[in-house]
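Undergrad: Quick note: the sequence shown, position 24, residue 24 per full-length UniProt numbering, numbers continuous.
Any given hint might turn out to be false.
[Claimed, not checked] Okay, the calculated beta carbon distance ranges per label pair:
{"id": "1", "residue 1": "Ser151", "residue 2": "Met1", "range": "40 to 46 Å"}
{"id": "2", "residue 1": "Ser75", "residue 2": "Asp233", "range": "18 to 24 Å"}
{"id": "3", "residue 1": "Lys205", "residue 2": "Arg126", "range": "25 to 31 Å"}
{"id": "4", "residue 1": "Ser75", "residue 2": "Glu169", "range": "41 to 47 Å"}
{"id": "5", "residue 1": "Ala190", "residue 2": "Ser75", "range": "45 to 51 Å"}
{"id": "6", "residue 1": "Met208", "residue 2": "Leu70", "range": "22 to 28 Å"}
{"id": "7", "residue 1": "Arg92", "residue 2": "Ser151", "range": "37 to 43 Å"}
{"id": "8", "residue 1": "Ser248", "residue 2": "Gly116", "range": "35 to 41 Å"}
{"id": "9", "residue 1": "Asp233", "residue 2": "Lys205", "range": "25 to 31 Å"}
{"id": "10", "residue 1": "Asp217", "residue 2": "Leu167", "range": "25 to 31 Å"}
{"id": "11", "residue 1": "Asp148", "residue 2": "Lys205", "range": "30 to 36 Å"}
{"id": "12", "residue 1": "Ile210", "residue 2": "Glu169", "range": "39 to 45 Å"}
{"id": "13", "residue 1": "Cys155", "residue 2": "Gly187", "range": "17 to 23 Å"}
{"id": "14", "residue 1": "Arg139", "residue 2": "Gln166", "range": "19 to 25 Å"}
[What the hints assert, rightly or not] As a list, the in silico SDA-like pairs of lysine to any residue whose alpha-carbon atoms are at most 20 Å apart:
{"id": "15", "residue 1": "Lys135", "residue 2": "Asp53"}
{"id": "16", "residue 1": "Lys251", "residue 2": "Arg231"}
{"id": "17", "residue 1": "Lys205", "residue 2": "Met192"}
{"id": "18", "residue 1": "Lys205", "residue 2": "Glu193"}
{"id": "19", "residue 1": "Lys135", "residue 2": "Glu169"}
{"id": "20", "residue 1": "Lys205", "residue 2": "Thr194"}
Derived from the structure by calculation, the hints contain no laboratory data. Glycine included, C-beta positions come from ideal geometry on N, C-alpha and C.
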Amino acid sequence: MRPISARIVEIVQETPTVRSLRFDRSLGPVPGQYLMVWVRGIDEVPMSFSYRDGITVQLVGEATRAIFDLEVGGSLGLRGPLGNGFTLSGERILLVGGGVGAAPLALLGEAAAEAGIEVTTLLASRCCDDLLFLKRFERIGEVVITTDDGSLGICGRASAGLSALQLQEFDQIYLCGPEPMMADVIGRCAGMETKIQASIDRYFKCGMGICGSCSLDPSGIRVCVEGPVFRADRLAGTEFGRYRRGASGIKLLRDG
């Protein structure tokens with residue numbers, strides 16, 4: 001699949017380190033699918049869809065720095081939609097998003113609300129200034145907030161907000177955010193693994209299932225083509241939640 005050129009028609013500063021870019025075209029993604037973003041002369045990097053015609057970018061490195069330097073009217077190469085997204089199911093669902101991981105969940109929640117599904121969101125961040133898409137989530141249902149520093153909502157990580165919810169009342173739980181956070185939530189929902197869908201962030205190089213850099217030991221499932229969304233029971237016994245890998249494939253300790 002060759003990249004197509006898309007022009008930026010809107011840029012929104014969401015938090016001090018996160019921006020959303022809207023394009024002049026939609027790639028028609030299923031919520032949870034991703035695309036490869038070609039930053040000309042720099043790199044091609046994976047991004048989740050936060051809108052059907054847009055992405056939400058956190059400033060973390062050279063490629064995202066170059067994206068932040070673009071203005072309305074600039075362009076990027078887009079390749080997608082890729083991978084498998086979330087599957088909507090049930091009448092009442094819970095979204096659990098941490099940091100910029102809330103981006104694909106906003107698109108999912110809006111699709112669920114349009115389908116008549118009752119949506120509750122557990123939105124977690126380090127502080128109130130870093131909360132992403134709070135207004136979008138509030139428009140579609142109840143929102144429980146946690147912040148690490150206690151500046152808004154419940155003080156603590158996402159797991160601290162689980163006690164404010166009756167988890168058994170939800171037909172499906174959808175996760176996206178830091179891997180330790182998702183592993184922690186899954187661990188606290190023992191027996192519910194078949195009702196949990198998690199979007200996994202791994203080191204992607206090709207986005208085509210060829211290089212294997214995003215594979216999970218020991219099963220070898222490729223996150224780029226068989227994910228990035230997986231049911232939680234399929235992640236049991238893999239490296240998920242235990243360690244991540246760098247560009248060379250070497251194991252690295254998870255942060256947080």
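Undergrad: Give a verdict on every hint.
TA: Here is what the structure says about each hint:
1. Between Ser151 and Met1, the C-beta spacing of about 43 Å keeps the proposed range 40 to 46 Å intact.
2. Remark: the range hint 18 to 24 Å for Ser75 to Asp233 is contradicted by a beta-carbon distance near 41 Å.
3. At roughly 29 Å, the beta carbons of Lys205 and Arg126 sit within the given window of 25 to 31 Å.
4. Distance hint check for Ser75 and Glu169: the Cβ-Cβ separation is about 45 Å, which falls inside the suggested range of 41 to 47 Å.
5. Take Ala190 and Ser75: their Cβ atoms lie about 47 Å apart, and the range 45 to 51 Å holds.
6. Range check, Met208 to Leu70: Cβ separation about 26 Å, and the 22 to 28 Å hint holds.
7. Under the hint 37 to 43 Å, the C-beta atoms of Arg92 and Ser151, about 29 Å apart, miss the expected range.
8. The beta-carbon spacing between Ser248 and Gly116, approximately 47 Å, falls outside the hinted interval of 35 to 41 Å.
9. Judged by the Cβ atoms, the range 25 to 31 Å given for Asp233 and Lys205 holds: they are separated by roughly 27 Å.
10. For the hinted restraint 25 to 31 Å between Asp217 and Leu167, the CB-CB distance of approximately 29 Å keeps it satisfied.
11. Checked against the hint of 30 to 36 Å, the C-beta distance between Asp148 and Lys205 comes to roughly 32 Å, which is consistent with it.
12. One distance hint, 39 to 45 Å for the beta-carbon pair Ile210 and Glu169, holds here, with the actual separation near 42 Å.
13. For the pair Cys155 and Gly187, the supplied restraint of 17 to 23 Å holds, since their beta-carbon distance comes to about 21 Å.
14. With their beta carbons about 23 Å apart, Arg139 and Gln166 fall inside the hinted range of 19 to 25 Å.
15. Annotation: proposed proximity of Lys135 to Asp53 holds, straight-line Cα distance about 19 Å (limit 20 Å).
16. A C-alpha spacing of about 23 Å is found between Lys251 and Arg231, which places the hinted pair above 20 Å, so the restraint is violated.
17. Straight-line distance between C-alpha atoms of Lys205 and Met192 comes to about 32 Å, which puts the hinted pair past the 20 Å bound.
18. Simply put, Lys205 and Glu193 have alpha-carbon atoms about 29 Å apart, too far for the 20 Å limit, and the pair is violated.
19. With a C-alpha separation of about 24 Å, the suggested pair Lys135 and Glu169 falls outside the 20 Å cut-off, and the hint is violated.
20. About 29 Å separates the Cα atoms of Lys205 and Thr194, which puts this hinted pair outside 20 Å; it is violated.
Hints 2, 7, 8, 16, 17, 18, 19, 20, counting from the list given before, are not met by this structure.
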